[in-house]
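Novice: Now for the letters of each chain:
2 protein chains.
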Amino acid sequence: MNSFEKVCNDKGLRITHQRSEIFRILASNLTHPTVENIFNKVREDLKTISIDTVYRTIATFEEYGLVKRVQLDNITRYDINLSLHHHLICSNCKKIEDFYWPDFDKMQLPNTIPGWGKVDMKQVIINGLCHQCKKLKK
Amino acid sequence: MNSFEKVCNDKGLRITHQRSEIFRILASNLTHPTVENIFNKVREDLKTISIDTVYRTIATFEEYGLVKRVQLDNITRYDINLSLHHHLICSNCKKIEDFYWPDFDKMQLPNTIPGWGKVDMKQVIINGLCHQCKKLKK
DNA sequence: TTCCTATTTAAGAATTATTCTTATTATAAC
DNA sequence: GTTATAATAAGAATAATTCTTAAATAGGAA
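Protein chains in written order, with the working numbering: chain A, 594 to 731; chain B, 594 to 731.
Since the hints were derived computationally from the structure, they do not count as laboratory data. Don't take each hint at face value.
Since the list can't tell identical chains apart, any single copy or any two copies may satisfy a pair.
Capping the alpha-carbon separation at 25 Å, the derived lysine-lysine pairs in BS3-like fashion look like this [unchecked claim]:
id	residue 1	residue 2
1	K730	K634
2	K687	K640
3	K661	K715
4	K634	K599
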């Protein structure tokens, strides 16, 4: 039994072809795909799947902590890299890359945070140009 | 002449009632309003304005660096606080608050950033619960 | 001031992303 | 295998955003 099936069993989530296939695509694709991207990939194997199922399934996965939403610039993408990491976003081609920054992760938050209740996650987003787009713009 | 009119003159942007009014609303509202919020406010004074004009004007302002988009959880908001700051987001009520973190701003980025081209901005996003929502959830 | 032209606007249609409705199908427990 | 329940497909519905077109307006020129 793989990790996906284990999570489903643990949480009482039914294992369907559609869910397995969508999870497989997500796990083999670290490029922060959109729902559209996932739908097209999954459709190669499950010809009759509807886009609504992809939306529903990903919402379920998100709820169960299997994927994370990455929302930038009007485009909703999903990320299966659940380890602590941060994002670089190219303002030209909209590509998103992951990066790691342990020194930041260790930092204490400023105590000026105005009466905030509870912190679940802190994350860095870097906007700029990727290598290729910088070259092109020269 | 106010700062808005100065920017318009500098950049060759026409000053219209609609633009002045939308800027005025943004400048007097630091709560990260949505297009809908802005539209409703502006409509109090300019009865016939269309929502398309609000979209267009804000897109223009964004292009000219007068506002910044803050996109989270499917909701697009705009921020006129152009000083270097970061965001706290309440996962329950979706409220967004600004905070400042000079120690972070001074930090050097990790040199592991994989062949990235150019960095324009680095920003921290903190997800969690605001004071009120934490109380309610207890 | 008045006129002219390019730009901007309003209105509503069009598009796109996402969600809902309903009848059907598949899963997991028995 | 049977059955109750949950999940799915299909297409309709909704919501956010953008486009089209004709009319209005700003700002410069006469």
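Novice: Hint by hint, note whether the structure agrees.
Specialist: Hint-by-hint comparison with the structure:
no.: 1; hint: K730 x K634; in the structure: neither (32 Å within a copy, 40 Å between copies)
no.: 2; hint: K687 x K640; in the structure: neither (29 Å within a copy, 37 Å between copies)
no.: 3; hint: K661 x K715; in the structure: both (14 Å within a copy, 20 Å between copies)
no.: 4; hint: K634 x K599; in the structure: within (24 Å within a copy, 50 Å between copies)
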